[in-house]
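**Student:** Once you have looked at the hints, place chain L on chain C.
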Amino acid sequence: MPLLADLFLQFTLLFFVAFGGASALLPEMQRVVVEEKHWLDETTFIHLYAIAQAAPGPNGLVVTLIGWEVAGLAGAFVSTLAMCLPMSVVIYFLFRHWERFRGAPWQQAVQVGVAPLAVGLVFSGATLIARSAGIGLAGAGLVAATVALSLKTKLHPLWLIALGAAVGALGAV
Amino acid sequence: MAAETAPQASIGLKALFLGFSSIGLSGFGGVLPFARRLLVDERRWLSAEEFNTLLGLCQFLPGPNVINLSVVVGARYRGVAGSVAAVAGLLAGPIVIALALALLYDHYGSLPVVQGMLRGIAAVGCGLLFATAIRMGVAVREKPFLLPFAGLVFVAIALLRWPMPAVMVGLLALSAGIAYWRLQDAAPR
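Residue numbers (my numbering), protein chains in the order written: chain C, 24 to 196; chain L, 5 to 193.
Hint data in this document are derived by calculation from the structure and do not stem from the laboratory. Check the hints yourself; a few may be wrong.
Quick list of simulated restraints, FRET-style, between CB atoms [as the list claims (entries may be wrong)]:
1. Asp64/C - Gly155/L: 26 to 36 Å
2. Asp64/C - Ser14/L: 46 to 56 Å
3. Leu178/C - Ala177/L: 31 to 41 Å
4. Arg154/C - Gly113/L: 32 to 42 Å
5. Gln188/L - Ala161/C: 44 to 54 Å
6. Arg47/L - Lys177/C: 16 to 26 Å
7. Leu164/L - Leu108/C: 23 to 33 Å
8. His111/L - Ala28/C: 26 to 36 Å
9. Leu96/C - Leu164/L: 30 to 40 Å
Think of the CB as a built atom: it goes at the ideal place given N, C-alpha and C, for glycine as much as any other residue.
Chain C on its own, in the form it takes in the complex:
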């Protein structure tokens, strides 16, 4: 299959199972992009994730960057389109009917039932990054400090990201 078509197909499939948003998708994205398709190596994947963190916008934009690294501008365009278009079409036709099912037992059950799965996915994504980012003991300390600051203070994430960049630039992690 041509590369661009394959990019479109893979990212479309990915986002159809993206319960819990793009962050929950990281482990599967890494599995497909790095392990199955060998489009990128592990380090580049983590670097692109870090770049997407440092840029504003939805977390899903890491997909645009993966497309860019794999197939240039056309790759970036095709991957972004695959992230947005298929689900957008579905939701465009669904949203008018949503109100009608509001509070229906099956709807509540799915909403309540999907929550712990999303927790497991985001937790997996975090573990995966910790494992592949090549961070040492100091890096693990930075991870723990971020968790504590994020949960205990109202500090804007941007400050934490800037802190991480500064600590990293000094060669401490």
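**Tutor:** Same frame as chain C, now just chain L:
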């Protein structure tokens, strides 16, 4: 369109594009809080209740939540063109910035100082994800029955590296079934 919603007729494509641009460009580490502030508090394009309902739909369905939300808000005011304008607005600025950073990365990514910065950012990003997972975990309902599913997902996805679609379909059927049973049980008869 349903009568209970009173969309402001005056919101044009340009306003949608620009409004969602400012959401996209101000959103670091999660865009939703910024979307809420602009849509509900500042522009009043949605009431707080409408926002929660639509967000419920966007989180219920797979896909990037904020993009789904842009589609719905755009569609409500201007149909297909509105959806396109909203999503384009949301993504255009961030994509340009992200690609500019990627260009820099392609040129300077091998420098030790850049590698260090990216490692630092990845570590912080990792911490933010753990914090998000903890926050989401606290909000899970029927914890004794449902929280074990988070562990099952972790084993299947992070340790065994099974493909996610099969894992999600299988476990969602089980967890939604248990949630259904628990909710029926808890509901007053």
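**Student:** None of the hints should be skipped; say for each whether it holds.
**Tutor:** Tested hints:
Between Asp64/C and Gly155/L the beta carbon distance is about 30 Å. The supplied range of 26 to 36 Å therefore holds. The hinted range of 46 to 56 Å is satisfied by Asp64/C and Ser14/L, whose Cβ atoms lie roughly 51 Å apart. Judged by the Cβ atoms, the range 31 to 41 Å given for Leu178/C and Ala177/L holds: they are separated by roughly 40 Å. Distance hint check for Arg154/C and Gly113/L: the Cβ-Cβ separation is about 21 Å, which falls outside the suggested range of 32 to 42 Å.
The given range of 44 to 54 Å is respected by Gln188/L and Ala161/C, whose C-beta atoms sit roughly 51 Å from each other. With their beta carbons about 24 Å apart, Arg47/L and Lys177/C fall inside the hinted range of 16 to 26 Å. Between Leu164/L and Leu108/C the beta carbons are some 31 Å apart, a value that agrees with the proposed interval 23 to 33 Å. For the hinted restraint 26 to 36 Å between His111/L and Ala28/C, the CB-CB distance of approximately 29 Å keeps it satisfied.
At roughly 37 Å, the beta-carbon separation of Leu96/C and Leu164/L lies within the given 30 to 40 Å, and the hint holds.
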